[in-house]
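*Asks:* Could you build the full structure based on these sequences and the hints that come with them?
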Amino acid sequence: MFLNALKKSSIFLFTLLLGNTCYAQNNESLIKISDLDSLHNQFYGQASEEAYFVHNKLLRQSKKLSYDQGILSAYKSLMWYYGVSAKANIDSVLHYADLFETKVITKSIKADTLLIKALELPQYYFNKGQILANGFGLPEQGLESYFKAYPLISEDDTKMFIAYNISIAEIYYHKFQYDKALEVLTPLLKDTVNIGSFTKKLLLKNISANYVQKEMPEKSYPLHKELLNLALKNNDISEIWWYKNRLANDYFNLGDYQKAIDSALAVRKYCLENKDQHLIFNNTAYLSTFYHAAGNLEKAIAYRKEAIKLANGSEYKKDTYDRLAEYYTENKQYLKAIEIYQKKDALVDSLRSNEKNALSNYIDSNITLLKEKQKSQQISFDIELLEIENKKQKLYYLSISAILVSIILILGSILIFRKYKKGEKTIEVLKSNEKKLLEEKIILRENELEASAMALSQRIETLTLIKNELNEIKKPIIPKLEAAKQKVNDLIKSASDVSIITKRIESEYPTMSAKLLNKYPNLSDTQIRYCLLTKMNLSIKETATILNVTPDTVKVARSRLKKKLNIPSDVSIKIFLDQLSKE
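Residues -24 to -1, 1 to 559, numbered by mature numbering (1 follows the signal peptide of the UniProt record, and there is no 0), are exactly what the sequence shown covers, in order.
Treat the hints with care, since some could be wrong.
[Unchecked claim] Each computed DSS-like pair below joins lysine-lysine, with the alpha-carbon atoms no more than 30 angstroms apart:
| hint | residue 1 | residue 2 |
| --- | --- | --- |
| 1 | 550 | 540 |
| 2 | 251 | 320 |
| 3 | 285 | 151 |
| 4 | 245 | 195 |
| 5 | 251 | 209 |
| 6 | 135 | 156 |
| 7 | 195 | 151 |
| 8 | 370 | 398 |
| 9 | 201 | 151 |
| 10 | 63 | 33 |
| 11 | 398 | 367 |
| 12 | 235 | 293 |
| 13 | 235 | 195 |
| 14 | 33 | 79 |
| 15 | 275 | 201 |
| 16 | 281 | 156 |
| 17 | 177 | 79 |
| 18 | 294 | 156 |
| 19 | 539 | 495 |
| 20 | 177 | 151 |
| 21 | 209 | 124 |
| 22 | 312 | 275 |
| 23 | 320 | 151 |
| 24 | 8 | 93 |
| 25 | 293 | 281 |
| 26 | 540 | 495 |
| 27 | 275 | 398 |
| 28 | 235 | 275 |
| 29 | 275 | 209 |
| 30 | 135 | 190 |
| 31 | 235 | 308 |
| 32 | 195 | 209 |
| 33 | 190 | 209 |
| 34 | 550 | 491 |
[To be verified] So the derived label-pair ranges between C-beta atoms look like this:
| hint | residue 1 | residue 2 | range |
| --- | --- | --- | --- |
| 35 | 155 | 298 | 19 to 25 angstroms |
| 36 | 546 | 402 | 39 to 45 angstroms |
| 37 | 99 | 5 | 27 to 33 angstroms |
| 38 | 381 | 405 | 32 to 38 angstroms |
| 39 | 551 | 458 | 46 to 52 angstroms |
In case anyone wonders, no lab produced these hints; they're calculated from the structure.
Beta carbons are placed, not taken as given, at the ideal position from N, Cα and C, and that holds for glycine.
*Replies:* Given below as structure tokens:
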């Protein structure tokens, strides 16, 4: 009962603590982008717990701010942390490396030049390669990362170019391909003026290490002397003793065993006094080798046994086992030699198992990442399919809507067209009726004018008869009779005033005179009057009466007029004038 209660309480407290942590993270105040960059630069490359929490915080903050550079920098830092810290884990390294590289792929080099430059991509791929090759014993995978760095190196970046070649050479070194390593590194010695002190030392150190493995002291010795001088110049104590230890090995390979032993013992004294654990293993292993060559087998065995305890790496320990077993065999201590060989075999098995596990873990991690990518791609594909389906549905609805609108527009257009045609017909009927009314009105006016002209002609004719009858009464002369004759003459003159008649005719046919003059400019005023009187359908006698001339005069005038107007013989002047008025 008590244990169950304790377990429940523990779970409750853990849940509460986790909830508070999540709440605190969700409610942490946002940091300015400039401060995010500053914190990243301050803690990048560190493997401490503090650095781990800082990089996770930077990741959360950058995601909230949608700050791509901060997100990518956090991924890069966390990859490094899981590669070199005490919590080294291949799965986490590959996880953050994949997040980083996947996000970088989405960035355009041209559009995000400053971002790509700020991320230092070549350095990122170098770091990843070193972690895989040196940290997890995966040289081939490390090479893959180095090869990705090469195209990104600027042509004028000599320092980065040398660092790239050194990284490649280190892979060859670990694979015991020393000639290939030297083939890569040796040409770089031609120009060391434009590179920094650190890069130069790194180059010299790697070249000398390959010459040491090839047992070529005549090549390694001058390089170690140069490195020692650089260390003395910079007063770098640890490096001074490191290269003194290397020179002791050169003395040995050159055949001066005593000088080698004396130099190595001086280095050992420094290591013991200053507790330099980093250098003591190499120094102890050298002393064992030197004493063995000098014939002092007991000291050789003693220093080699001590070297086994000091060895950190499995490869170093394996080599030390080999040497110690050889020394025991030479000293005829066969049982001890067998025991050492058994330990060595167990170590080799362990190494092979670790290598297999490392490779297996690398493959498993990549498979897991691939599966996650496939799931992510499948989700993206499903989303794209849904979007396509939605677009198709939208397009379908839009098409139906467009068709319906088109049908409505077509029907509306047909109705409007029909109304328009119906309206046109109505307008034509109205115009036709209006034309008929106008024609009837014109005919009516013409008839009225014709009637008026005929009535005027009859009036003049009557007044003329009266005048002639009065003129027959000659005697006796009666004053009132003479006055009556004069009044009759005045009435005849006023009735026969051609200008008054012409004005009235022209008011009825306002364009007739203009059309005649425009078409026949040689017509006289009298001929135009004949035309107008003829248009009114007056007879020769009526025309003669109105104009106060004889009928023969009218006949002659009409005949001349017909010729002047070029009227055919079978067409009357009246018909000709009617056609002209319609033009």
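*Asks:* A separate judgement is required for each hint: does it hold in the structure or not?
*Replies:* To see whether the hints hold, each was checked on the structure:
1. 550 - 540: 15 angstroms, holds
2. 251 - 320: Satisfied, since the Cα-Cα distance of roughly 28 angstroms is no more than 30 angstroms.
3. 285 - 151: 25 angstroms, holds
4. 245 - 195: 28 angstroms, holds
5. 251 - 209: 24 angstroms, holds
6. 135 - 156: Judged against 30 angstroms, a Cα distance of about 21 angstroms means the pair holds.
7. 195 - 151: 21 angstroms, holds
8. 370 - 398: 41 angstroms, violated
9. 201 - 151: Cα-Cα ~27 angstroms, so holds.
10. 63 - 33: Holds: residue 63 and residue 33 sit about 18 angstroms apart, inside 30 angstroms.
11. 398 - 367: 45 angstroms, violated
12. 235 - 293: 26 angstroms, holds
13. 235 - 195: 18 angstroms, holds
14. 33 - 79: 19 angstroms, holds
15. 275 - 201: 28 angstroms, holds
16. 281 - 156: 34 angstroms, violated
17. 177 - 79: The given pair, whose Cα atoms are some 36 angstroms apart, is violated under the 30 angstroms limit.
18. 294 - 156: Holds, because 24 angstroms separates the two Cα atoms, which is no more than 30 angstroms.
19. 539 - 495: Distance of about 15 angstroms is within 30 angstroms: holds.
20. 177 - 151: At roughly 22 angstroms apart (the allowed maximum being 30 angstroms), residue 151 and residue 177 satisfy the hint.
21. 209 - 124: Given that 30 angstroms is the threshold and the Cα spacing comes to 37 angstroms, the pair is violated.
22. 312 - 275: Roughly 16 angstroms separates the two Cα atoms, so the pair holds.
23. 320 - 151: 20 angstroms, holds
24. 8 - 93: 21 angstroms, holds
25. 293 - 281: At roughly 10 angstroms apart (the allowed maximum being 30 angstroms), residue 281 and residue 293 satisfy the hint.
26. 540 - 495: Judged against 30 angstroms, a Cα distance of about 12 angstroms means the pair holds.
27. 275 - 398: 129 angstroms, violated
28. 235 - 275: 17 angstroms, holds
29. 275 - 209: 36 angstroms, violated
30. 135 - 190: 27 angstroms, holds
31. 235 - 308: Given pair residue 235, residue 308 holds - Cα atoms ~29 angstroms apart, limit 30 angstroms.
32. 195 - 209: 22 angstroms, holds
33. 190 - 209: Holds, at about 29 angstroms.
34. 550 - 491: With Cα atoms ~15 angstroms apart, residue 550 and residue 491 stay inside 30 angstroms; holds.
35. 155 - 298: 19 to 25 angstroms: 23 angstroms, holds
36. 546 - 402: 39 to 45 angstroms: Given range 39 to 45 angstroms: holds, Cβ gap about 41 angstroms.
37. 99 - 5: 27 to 33 angstroms: Holds: the Cβ-Cβ distance is about 31 angstroms, inside 27 to 33 angstroms.
38. 381 - 405: 32 to 38 angstroms: Holds, since residue 381 and residue 405 (Cβ atoms, about 36 angstroms apart) stay within the stated range.
39. 551 - 458: 46 to 52 angstroms: 48 angstroms, holds
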